[in-house]
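Colleague: This is what each chain is made of:
There are 2 protein chains.
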Amino acid sequence: MPLYKAPVEDALFLLNDVLGFERHGNLPGFADATPDVLEAILREAAKISEDVLQPLNLSGDKEGCTRHDDGRVTTPTGFKEAYDAYAQGGWMGLSVPEAYGGQGLPFTVNALMSEFSSSANMAFAMYPGLTMGAVAALLVHGSEEQKQTYVPKMVAGTWTGTMNLTEPHCGTDLGLIKTKAVPQEDGSYKITGTKIFISAGEHDLSENIIHLVLARIEGAPEGTKGISLFIVPRNRVNADGSAGEANGVSCGSIEHKMGIHANATCVMNYDGATGWLIGEANRGLNAMFVMMNDARLGVAIQGLALSEVAYQNAAAYAKDRLQGRALTGAKAPEKPADPIIVHPDVRRNLMTIKAFNEAARALVLWTALKSDVAHRSQDEKERQAADDHLGLMTPVLKGVLTDTGFDNCVLAQQVFGGHGYVAEWGMEQFVRDARIAQIYEGANGIQAMDLVGRKLPRDGGRAVMGFFNELGAFIKDNQGNEALQPFLKPLEVSTGHLQQATMWFMKNAMAKPDNAGAGAYDYMHLLGLVALGYMWALIAKAAIAGSANGDAKAMEHKLATGRFFMERLLPETATRLARISAGADAVMALPEDAF
Amino acid sequence: MPLYKAPVEDALFLLNDVLGFERHGNLPGFADATPDVLEAILREAAKISEDVLQPLNLSGDKEGCTRHDDGRVTTPTGFKEAYDAYAQGGWMGLSVPEAYGGQGLPFTVNALMSEFSSSANMAFAMYPGLTMGAVAALLVHGSEEQKQTYVPKMVAGTWTGTMNLTEPHCGTDLGLIKTKAVPQEDGSYKITGTKIFISAGEHDLSENIIHLVLARIEGAPEGTKGISLFIVPRNRVNADGSAGEANGVSCGSIEHKMGIHANATCVMNYDGATGWLIGEANRGLNAMFVMMNDARLGVAIQGLALSEVAYQNAAAYAKDRLQGRALTGAKAPEKPADPIIVHPDVRRNLMTIKAFNEAARALVLWTALKSDVAHRSQDEKERQAADDHLGLMTPVLKGVLTDTGFDNCVLAQQVFGGHGYVAEWGMEQFVRDARIAQIYEGANGIQAMDLVGRKLPRDGGRAVMGFFNELGAFIKDNQGNEALQPFLKPLEVSTGHLQQATMWFMKNAMAKPDNAGAGAYDYMHLLGLVALGYMWALIAKAAIAGSANGDAKAMEHKLATGRFFMERLLPETATRLARISAGADAVMALPEDAF
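These protein sequence lines map, in sequence, to chains A and B.
Every letter in the first sequence is one number past the one before it in UniProt numbering, and letter 155, counting from 1, is 155.
Every letter in the second sequence is one number past the one before it in UniProt numbering, and letter 30, counting from 1, is 30.
You may find that some hints are simply not true.
[Stated by the list, open to error] Derived EDC-like pairs (lysine to aspartate or glutamate); straight-line CA-CA distance at most 20 Å:
1) A:Lys5 <-> B:Asp593
2) A:Lys331 <-> B:Asp10
3) B:Lys381 <-> B:Glu245
4) A:Lys553 <-> B:Asp10
5) B:Lys512 <-> A:Asp338
6) B:Lys331 <-> A:Asp593
7) A:Lys541 <-> A:Asp173
8) A:Lys47 <-> B:Asp10
9) B:Lys541 <-> B:Asp10
10) B:Lys319 <-> A:Asp173
11) A:Lys553 <-> A:Asp173
12) A:Lys331 <-> B:Glu470
If you're looking for bench data, these hints aren't it; they were derived computationally from the structure.
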């Protein structure tokens, strides 16, 4: 059975020594999160993840969810008890305002809980994850009455939430949505249509399920400008706020899918269900985007989370499995063979994952802190800069952390040889589970188009210029730091590649948009590599400073891991730039019938 | 349900126009394979693959194999009938000498049948594939009596074969094998031990199963020098050559694994089973290597095969699925949205796979032709050069075609968005099935070590020098071909990278073997990229020559696809070289307890 130990020490090091968490003490919620409190929360988060969620991961995958003839869905054995423990621990409302029953803590703390719980049991963590996405949309776009009706119950875990976007004929292109909403005299709407791929659409964990549903009000304009967002509770809400009778929405079937078997992916049938408009009519996509941005960061975290747990298992196996002898002579001559961690190619696998994970965790926390600033700061300029950052980085994190997270699960599985392919070790489950993160919440190709087509040019390129300025200033300010040079030089080269690629788009994509489309995916990864390289430079700086007074050995390991990233992984920026600069010609040359 | 159409035209173009199949007319078996015969065989191979094998792929995955309480194993519905059709069609013995019931055709033809059948149904194709591996070992190392006893029955399909190497505590390191063989007075041995991960170990397709088993004769030296190879038929062979009573070998369980569900992966228990030595005592690994080299090429072909079928389905879906509008304006204004093939990022996915598949097929056939020359030529010098090539390229094809084949299945799955993640479209099965090819027959890290540690230095680097000479001569000889320049120049750059990497090993790996180990994997991929680039140059040359008299449009498409490879995929050689040149320091820096 796979193991998992939440990386609490690394998280604390990143928050306290690298990213200056305490510098944000003036933001609401941060004052409560003193270093001691922070550590105590993370240790509790680790505990429930390791002791309650992780032991259900393999069995949950094997058992899966069951749909009964009456449309009810049962989650795997143990999930209900684990969910109750999770809800009662207050984990659901960690960063929800206290006014709605939450704890009002920084989103950054929530991001770490998301990582730990997703590493432990991704399929489980999706139930609260989707609920929190729905809460985010309600908090921003719901009326005060709607917030009071739904949010405290969702924070308590009594009710859960879902997002209903996709229909059989449309996923990415939401302008094609057919689900219709007919206005009723009492101000409600009757919702009718079919939604597919609805994660956590039906289950036995909560007393009620609050569906947020995109639909088209009768007579609304065609396309994306005629889409509205509705609250459709599975059970109608009684006057006293309790869950009442059934509301014309049911699960038609659950999908047989590659992974996340313990999360019920449902076809949801709406048959004149009563729904309530959230926000303005025909502005549903806007409201949904709030939910999607949070969700995209959440999915990015899943990529890291699976990469981390897969790494931990591969490292443990590599230290345990005896096979062959080191190229430099036997390391364990008393045993029939050396542990396979002596082999450089096994280490290459492990180091590739480790060097990514530690920087990716920094990138998540750096971005989560910006999210806290963007949502909580009183300083308009600071808030705007953080919001620019968030807009630019959200698609990058979603695309790069899930792509690399998946690749890393495959690498970790490879360390196990044939044992990685059989179910009992759990490695093949990590690969199957990680795969969905590249697809849902906007397939990664869509993230790349969002980045290059929308986020990059917005406000005259202000966000990416801000990033370049930050990089430039860091490199300049640290020229005197001799020990940091192995990090600064590669970072400078890669930043140059990113700048060249950005210039190339400016010159070549206006007149020929396909040039942007053909290079978008590589640009997303190029930007991600530079951002990860920057994280390593920040980590290295802290490690150099800290090795004098802190744990010198741990800091030395940080520096060695970072050097691996700079020498082995960052140089890929050159290939990414070469691909982008090749333009769209060869990509678009063939006529359709040649495929 | 997924579709499949065997690429017969592409295969014929490669054999006839690119690789000069007819130039080998002097080799045994080639005279019979006239262009007409070749085409007729390939069309029949396509037919059984498309009509008989492919329709059982999805259902076979879903149903899987069943082990009954008595140890018998049943294959999925329809497999037995398909197997009979396959055997009766004579496909099993396509390239086995006529003296043993085969058709004596070139191995090259067999390689194409392997591709087609593996695309159609990889789990099915493994049953005959393993049988042919066992036949290859018997033909080289078996006594005449053994050959006569087993081979004709295996060629007829009446009996099948397996390879039994792995044990619970050892896979890669076969020196640790514990299965023991006790000599008997009649010249046979009693075999006792447990083997795991035995593909096709037990099933209902054939009347008998001939296990080739590695075991240690009592008192043999420790390590790899004490391993012998035995024939252990599941049912003893009667004096008249028919299958008789049970022989103390049985299937203890079948593995629950990520993919190839329709192939029974068995734990095999040997309990004093009667076995017969093949070849010399204690030289079993040598005999097994014959089987493994063929099998490695077979596994490489599986990588291509799944990449091809995944591509075909992704291309069809991209032409059919309507979502969004082209960046350059609506292409299907009469429809609610454009087919997604208009989007550059979708094309990038498709072109990436297509540009690989067509070169990989050329590489397989080029290498298969060398195999035919190595095994059948009368010219000692020619034979040696072909054998050098085969030794060098076998690990490269195994590693690169399966790694890229898997990556391409993931790309193809991505084109489907959420539909790629659910079982009914079959895309997630391709990913799960393709994954095993990176692991079995020597995990790809082992292939890399075989390449760099063994094949590269052998005979003073003669094989790789031969490859460099061929590349150099081709580039020089074609300088006057103006239309070929877009292929020659990138090939020259990448060849330079490969030469630099080779030199780097010569300089840095002798004194410090970890430098070879840490760079081996990237070197394998670097060599693979150059070889694929060379294939594209050969294809382009033929396409340029052929576009005057042949199908000009098809040749134009070949050139456009090749340009994509040269511009987008080949430049990765720079990153591979950078990683190799970084050496082992960062890879090996951390102590074990830092993982």
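Colleague: Taking the hints in turn, state whether each one holds.
Modeller: So, going through the hints one by one against the coordinates:
1. Between Lys5 of chain A and Asp593 of chain B the alpha-carbon distance is near 15 Å, which keeps this suggested pair within the 20 Å criterion.
2. Only pairs whose Cα atoms come within 20 Å are accepted, and Lys331 of chain A paired with Asp10 of chain B is rejected, the gap being roughly 51 Å.
3. Of the supplied pair hints, the one linking Lys381 of chain B and Glu245 of chain B is violated, its CA atoms being roughly 49 Å apart against a limit of 20 Å.
4. Our distance criterion of 20 Å between C-alpha atoms is broken by Lys553 of chain A and Asp10 of chain B, whose separation comes to about 58 Å.
5. Taking the CA atoms of Lys512 of chain B and Asp338 of chain A, the gap is near 19 Å; set against the 20 Å cutoff, the hint holds.
6. Taken as a hint, the Lys331 of chain B and Asp593 of chain A pair is honoured in the structure, with Cα atoms around 14 Å apart against an allowance of 20 Å.
7. For the hint linking Lys541 of chain A to Asp173 of chain A, the alpha-carbon distance of about 44 Å lies beyond 20 Å, and the restraint is violated.
8. Restraint check: the Cα-Cα separation between Lys47 of chain A and Asp10 of chain B comes to about 58 Å, which exceeds 20 Å; the hinted pair is violated.
9. Proximity of Lys541 of chain B to Asp10 of chain B is assessed by CA-CA distance (about 15 Å); at most 20 Å being required, the pair is judged to hold.
10. Proximity of Lys319 of chain B to Asp173 of chain A is assessed by CA-CA distance (about 16 Å); at most 20 Å being required, the pair is judged to hold.
11. Proximity of Lys553 of chain A to Asp173 of chain A is assessed by CA-CA distance (about 52 Å); at most 20 Å being required, the pair is judged violated.
12. Restraint check for Lys331 of chain A and Glu470 of chain B: the C-alpha separation of about 42 Å exceeds 20 Å, so the hint is violated.
Going down the numbered hints, you'll see the structure goes against 2, 3, 4, 7, 8, 11 and 12, while the others check out.
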